[in-house]
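> Here's the letter readout for the chains.
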Amino acid sequence: MLPTTSEPPAIRPAFDLIDHHGRAVDLTAFRGSFVLVFFGFTHCRVVCPRALKKLSSALEALDEDPTQLIALYITVDPERDTPQVMRAFLETYPRILGLTGSRDQIEIAKRNFRVFSRRSASPTEDGNYDVPHTAMTYLLDPEGRYIAHFNDSLDLPEFIERLRIGLTEGGR
Amino acid sequence: MRPTDGSQTGGNQFQRRGLDDLQLGHLRHFANLSRQLPNQWELMKGKGYGQEDFGGYRFQLAYMSYALALTHRHRLPAAPGVFKPIFERLIAKMLLPEVWMYWRDVSRGGSIFNAHLSSGYSEQWDPVARDNIMYSAYLQSMTLLYHYLFDDARYAEPGALTLQFWSYFWGGEQKRFSYDEKSLNENLYWQMVESGYLGVACEPNCTFQICNQPAIFGFRLHDLVYGGSIAADVVSGYEQAWKEFGRLGDNGHYNIMLSQDTRQVRPNLGKSPWVDAWCGTLMNMWNRDFVHAHYADQAKDFLRAGPDGALSVIAGERPLVMGQTIVSDSCDFGWMAAWASEMGDQTTLGGLLKHADMYMSPCWRDGGLYYPRNDVATDAEGNASMIEPMSGNVLLGYARLNVPDGLWAFYNDPWSSDRFDEPALITVSDDLDVSRAWFDASANRLEFSLSGTDATAEGLVVLGNLRSRGSWSLWLDGAEISSGRADVPASQDNEVVRRVADGLVLRHAGVRRGDYVLTFTE
Numbered sequence: 009m010l011p012t013t014s015e016p017p018a019i020r021p022a023f024d025l026i027d028h029h030g031r032a033v034d035l036t037a038f039r040g041s042f043v044l045v046f047f048g049f050t051h052c053r054v055v056c057p058r059a060l061k062k063l064s065s066a067l068e069a070l071d072e073d074p075t076q077l078i079a080l081y082i083t084v085d086p087e088r089d090t091p092q093v094m095r096a097f098l099e100t101y102p103r104i105l106g107l108t109g110s111r112d113q114i115e116i117a118k119r120n121f122r123v124f125s126r127r128s129a130s131p132t133e134d135g136n137y138d139v140p141h142t143a144m145t146y147l148l149d150p151e152g153r154y155i156a157h158f159n160d161s162l163d164l165p166e167f168i169e170r171l172r173i174g175l176t177e178g179g180r
Numbered sequence: 002m003r004p005t006d007g008s009q010t011g012g013n014q015f016q017r018r019g020l021d022d023l024q025l026g027h028l029r030h031f032a033n034l035s036r037q038l039p040n041q042w043e044l045m046k047g048k049g050y051g052q053e054d055f056g057g058y059r060f061q062l063a064y065m066s067y068a069l070a071l072t073h074r075h076r077l078p079a080a081p082g083v084f085k086p087i088f089e090r091l092i093a094k095m096l097l098p099e100v101w102m103y104w105r106d107v108s109r110g111g112s113i114f115n116a117h118l119s120s121g122y123s124e125q126w127d128p129v130a131r132d133n134i135m136y137s138a139y140l141q142s143m144t145l146l147y148h149y150l151f152d153d154a155r156y157a158e159p160g161a162l163t164l165q166f167w168s169y170f171w172g173g174e175q176k177r178f179s180y181d182e183k184s185l186n187e188n189l190y191w192q193m194v195e196s197g198y199l200g201v202a203c204e205p206n207c208t209f210q211i212c213n214q215p216a217i218f219g220f221r222l223h224d225l226v227y228g229g230s231i232a233a234d235v236v237s238g239y240e241q242a243w244k245e246f247g248r249l250g251d252n253g254h255y256n257i258m259l260s261q262d263t264r265q266v267r268p269n270l271g272k273s274p275w276v277d278a279w280c281g282t283l284m285n286m287w288n289r290d291f292v293h294a295h296y297a298d299q300a301k302d303f304l305r306a307g308p309d310g311a312l313s314v315i316a317g318e319r320p321l322v323m324g325q326t327i328v329s330d331s332c333d334f335g336w337m338a339a340w341a342s343e344m345g346d347q348t349t350l351g352g353l354l355k356h357a358d359m360y361m362s363p364c365w366r367d368g369g370l371y372y373p374r375n376d377v378a379t380d381a382e383g384n385a386s387m388i389e390p391m392s393g394n395v396l397l398g399y400a401r402l403n404v405p406d407g408l409w410a411f412y413n414d415p416w417s418s419d420r421f422d423e424p425a426l427i428t429v430s431d432d433l434d435v436s437r438a439w440f441d442a443s444a445n446r447l448e449f450s451l452s453g454t455d456a457t458a459e460g461l462v463v464l465g466n467l468r469s470r471g472s473w474s475l476w477l478d479g480a481e482i483s484s485g486r487a488d489v490p491a492s493q494d495n496e497v498v499r500r501v502a503d504g505l506v507l508r509h510a511g512v513r514r515g516d517y518v519l520t521f522t523e
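For the record, the sequence lines run as chains A and B. Quick note on this note's numbering: the first sequence kicks off at 9 and runs consecutively. Quick note on this note's numbering: the second sequence kicks off at 2 and runs consecutively.
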């Protein structure tokens, strides 16, 4: 047996979390559907609202069966983002399901998706704190395999176009 | 019809001018070093131990490659045959354990920056899996550079970049880590993402601004080869991430590094020239306005005027650390020259090269020009004389061969792939120097100049990509020496020129310089 560690897998889509209805979920719960995953936190003032709005618009434009294309929003701030908080926050984005969990569960999910987040040392103006985080949307195929990711810098038409390509390449 | 003098038409000034003897000497020295046998590192060993510092072989190999790329792109665009084999040999050397085995030790942590964290690290053999961007980004960018320059995907083959070690004397089974240019690029990209775009560490916990620039270069090359916008995404994230810390310290010089655990930046308080010069040289590729805006104020802190316009570099102070003297190559002089070349500051570049030629013992060996290692800070008259192999072998050559904003242009002005269909010097024998090689598309002619390295030089060149060019005529120093049709087997084969598939083999024997023009008529 050679002690080789070459070519570590880039993305290992896996998590074990709680959805915003309080149900325990892992990726097998969505088997059979394409899945979009975005990491963020509900107190995010700029990046998440912009990204979730874009994601919602893209889902609407794609007009896919909601059971065939699932959108997940995984918090990087589980201390504040309880299932109740996430459910209330996501009422504005009804196509998106929020996921939270313990700090350890979130760290594992982050590591699997290679997501960065770190609580900011300096408080915000309202005495809260920020959590700068990776802002990209991952696309998984119905088998739960990573297909592609889309950077937050994409505008809506390009995001939709690249999503379409990803869905096609993923066997849609 | 006799070709008109093309020196005033087509091409750019650097292509028309070609290489002078000093530039040819540096190029020849790169080729000579690349031809050394495996694990023969003559002239390349610096002061430090174990390939840990900035004079390491990996840096010399990488910046020779970058200098070759800049020369090919800007000065000798129609001579891939000069550069391609040197590139291949340099990449082969990058894969040798002697170059990357330092990581097994450095990966354990314990440097003065993060000694408190060393219990959390363990020995790691794979030199590109985690951290160590000071090696992995060079392997990434060199191989993608090769693909981009020569349209050759050999390093994209699975396992093409295999890092293998086995010793008869210790260590048990072999260690073998297989990558290719794509998987390596992907690995670096995701490490960059995980860092929040601050960058990938060199030594554990230490994220240097400088050492992440080659990775950005590699991402850009990946985009140029495969499409996509990785570089733009990463640069955008990098800009945002470093806003919190600032690129520059309070004294106007580049911050050196960030400690990942404490989120503290280490400013360049000692005003070490290499920090600004290295960072500025590389960062110019994507951040030209910023780098140029700060260059003059930064550089003036590092330069000392000498006689007749010569300039030397004021070395930064090296205080004792933990009671120990740091023994390493800073390469201040070489990086200052490289930076001045990228900035287009001919006065500074000329002054530094003048100083080097006066006080740093330029040597010619096997047709190659270099400045040999000298550990003595000053000569008897007090002139700065210390120079490291990285500067003397590589960076002064890089500086002479670069053009103003050369790396910037490489990054921002994609080289048209039309060149792969244009007549060019596809193969060049080792005993030939090529001082000019460019194709004038508007005039439909290839101009090149050759000279042999010595009187016994056989001097063979394959002129390729001639198919569908119609009739050709080859001129040497203004006189036609051969002609034919590109798509018809030649009856004119002679001692000097003979036909091969899609090209001509030209023999240029001896040391004399020959100025050639290959013209075409439909």
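For the record, the hints were derived by calculation from the structure and aren't laboratory data. Incorrect hints may appear among the rest.
Said to hold, decoys possible - To give an idea of the interface, some chain A residues facing chain B are shown, with a C-beta separation under 8 Å as derived from the structure:
{"#": "1", "residue": "ARG20"}
{"#": "2", "residue": "PHE124"}
{"#": "3", "residue": "ARG126"}
{"#": "4", "residue": "ASN136"}
{"#": "5", "residue": "PRO140"}
{"#": "6", "residue": "THR142"}
{"#": "7", "residue": "ASN159"}
{"#": "8", "residue": "PRO165"}
What the hints assert, rightly or not - Pairs of lysine-lysine, BS3-like flavour, derived with a Cα cap of 27 Å:
{"#": "9", "chain 1": "B", "residue 1": "LYS244", "chain 2": "B", "residue 2": "LYS301"}
{"#": "10", "chain 1": "B", "residue 1": "LYS244", "chain 2": "A", "residue 2": "LYS118"}
{"#": "11", "chain 1": "B", "residue 1": "LYS48", "chain 2": "B", "residue 2": "LYS272"}
{"#": "12", "chain 1": "A", "residue 1": "LYS62", "chain 2": "A", "residue 2": "LYS118"}
{"#": "13", "chain 1": "A", "residue 1": "LYS61", "chain 2": "B", "residue 2": "LYS244"}
{"#": "14", "chain 1": "B", "residue 1": "LYS244", "chain 2": "A", "residue 2": "LYS62"}
{"#": "15", "chain 1": "B", "residue 1": "LYS272", "chain 2": "B", "residue 2": "LYS355"}
{"#": "16", "chain 1": "B", "residue 1": "LYS85", "chain 2": "B", "residue 2": "LYS48"}
{"#": "17", "chain 1": "B", "residue 1": "LYS46", "chain 2": "B", "residue 2": "LYS355"}
We treat Cβ as the ideally placed atom computed from N, Cα and C, and that holds for glycine.
> A separate judgement is required for each hint: does it hold in the structure or not?
A quick look at each hint next to the structure:
1. Below 8 Å, beta-carbon pairs count as interface contacts, and ARG20 of chain A has none with chain B, the closest being about 11 Å; its hint is therefore violated.
2. At about 4 Å, the closest approach between the beta carbon of PHE124 of chain A and any beta carbon in chain B falls short of 8 Å, and the interface hint on this residue holds.
3. Residue-level restraint check for ARG126 of chain A holds (minimum Cβ-Cβ distance to chain B is 7 Å; threshold 8 Å).
4. The interface hint given for ASN136 of chain A is violated, since its Cβ lies 17 Å from the closest Cβ of chain B, which is over the 8 Å cut-off.
5. Annotation: interface hint on PRO140 of chain A holds; nearest CB of chain B at approximately 6 Å, less than 8 Å.
6. For THR142 of chain A, the suggested interface contact is upheld, since its CB lies about 6 Å from the closest CB of chain B, less than 8 Å.
7. Look at ASN159 of chain A: its Cβ gets to within about 5 Å of chain B, closer than 8 Å, so that hint holds up.
8. Hint status for PRO165 of chain A: violated, given a least beta-carbon distance of 15 Å to chain B, over 8 Å.
9. Our distance criterion of 27 Å between C-alpha atoms is met by LYS244 of chain B and LYS301 of chain B, whose separation comes to about 26 Å.
10. Our distance criterion of 27 Å between C-alpha atoms is met by LYS244 of chain B and LYS118 of chain A, whose separation comes to about 24 Å.
11. For the given pair, LYS48 of chain B sits about 21 Å from LYS272 of chain B by alpha-carbon distance, which is consistent with the 27 Å threshold.
12. A C-alpha spacing of about 22 Å is found between LYS62 of chain A and LYS118 of chain A, which places the hinted pair at or below 27 Å, so the restraint holds.
13. Distance restraint check for LYS61 of chain A and LYS244 of chain B: the Cα-Cα separation of roughly 26 Å lies within the 27 Å cut-off, and the hinted pair is therefore satisfied.
14. Among the hinted pairs, LYS244 of chain B with LYS62 of chain A is consistent with the structure: their alpha-carbon atoms are about 25 Å apart, no more than 27 Å.
15. About 24 Å separates the Cα atoms of LYS272 of chain B and LYS355 of chain B, which keeps this hinted pair within 27 Å; it holds.
16. In summary, the hint linking LYS85 of chain B to LYS48 of chain B is not supported, as the alpha carbons are separated by about 31 Å, beyond the 27 Å threshold.
17. Our distance criterion of 27 Å between C-alpha atoms is met by LYS46 of chain B and LYS355 of chain B, whose separation comes to about 25 Å.
The structure does not agree with the numbered hints 1, 4, 8 and 16 stated previously, though it agrees with the rest.
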